[in-house]
Amino acid sequence: EAQVTQNPRYLITVTGKKLTVTCSQNMNHEYMSWYRQDPGLGLRQIYYSMNVEVTDKGDVPEGYKVSRKEKRNFPLILESPSPNQTSLYFCASSSYTRLGYTFGSGTRLTVV
Amino acid sequence: GIQVEQSPPDLILQEGANSTLRCNFSDSVNNLQWFHQNPWGQLINLFYIPSGTKQNGRLSATTVATERYSLLYISSSQTTDSGVYFCAVETTNFGNEKLTFGTGTRLTIIP
Numbered sequence: 004e005a006q007v008t009q010n011p012r013y014l015i016t017v018t019g020k021k022l023t024v025t026c027s028q029n030m031n032h033e034y035m036s037w038y039r040q041d042p043g044l045g046l047r048q049i050y051y052s053m054n055v056e057v058t059d060k061g062d063v064p065e066g067y068k069v070s071r072k073e074k075r076n077f078p079l080i081l082e083s084p085s086p087n088q089t090s091l092y093f094c095a096s097s098s099y100t101r102l103g104y105t106f107g108s109g110t111r112l113t114v115v
Numbered sequence: 493g494i495q496v497e498q499s500p501p502d503l504i505l506q507e508g509a510n511s512t513l514r515c516n517f518s519d520s521v522n523n524l525q526w527f528h529q530n531p532w533g534q535l536i537n538l539f540y541i542p543s544g545t546k547q548n549g550r551l552s553a554t555t556v557a558t559e560r561y562s563l564l565y566i567s568s569s570q571t572t573d574s575g576v577y578f579c580a581v582e583t584t585n586f587g588n589e590k591l592t593f594g595t596g597t598r599l600t601i602i603p
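In order, the protein sequence lines correspond to chains E and R.
Taking our numbering, the leading residue of the first sequence gets 4, the next gets one more, and so forth.
Taking our numbering, the leading residue of the second sequence gets 493, the next gets one more, and so forth.
Worth flagging that the hints you see were computed from the coordinates, not collected in a lab.
It is possible that part of the hints are untrue.
Short, incomplete list of chain R residues facing chain E, as computed with Cβ under 7 Å [unchecked claim]:
1. G533
2. F593
3. I602
Cβ atoms here follow ideal geometry from the backbone N, Cα and C, with glycine treated the same way.
Only chain E is shown next, with the shape it has when bound in the complex (with noise of 0.2 Å):
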């Protein structure tokens, strides 16, 4: 089954410690990025990548990075989670043959 996998669906951590929220992709898709979803801001762009070890900043980058390593991967990195990265977070990807994003299920984050 064609599909975007993130984990974790849900991660409670503390103000500091690092976390990777993982995102593979089974499509042999070229393009991925990741957003970020809150109350009354919408969801917003992050970073994406154009394909392996080409990475851009999105809408909102401050606090995250990203690595694209392999095709199937684009991992995202909180180096020192804050509060305000609490926050719904959606992986995407898509392929130039232009068929619309896939969206993986979400990763519930908050940061006490």
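For this one, chain E is given, so just place chain R on it according to the hints.
Leaving out everything else, chain R in the frame of chain E:
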């Protein structure tokens, strides 16, 4: 940047009713998608519809790109249709195929 507006913001309907959700966007776009966010927070892709009309069961969508709007039709609503419906438009800026989401329509279907 591009603006994406959805209407109505909230909609409460009896089971079996039909509804039309609208999405207006302020500039030319490469593509448009409709998503359903279910009560568990998952974003489910409904339609990839840069132009024209598509149908999938009780749902159909129409995009008129030249007039910068899209419509999502839901017929014979069921309680499982409840949730938030988003349209998202894709624009390309220096290779970033970014999705800009609308503010959503919250649909509640009452049994």
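Interface restraint verdict for F593(R) against chain E (beta-carbon cut-off 7 Å) = Cβ of F593(R) sits 4 Å from chain E, so the hint holds.
Exercise. Holds or violated: G533(R) as interface residue toward chain E, Cβ cutoff 7 Å?
Worked result: Because about 5 Å separates G533(R) from the closest Cβ in chain E, which is inside the 7 Å limit, the hint holds.
Task: Restraint check, 7 Å cut-off on beta carbons, for I602(R) near chain E - done: violated (24 Å)
Consistency note: the structure conflicts with earlier hint 3 alone.
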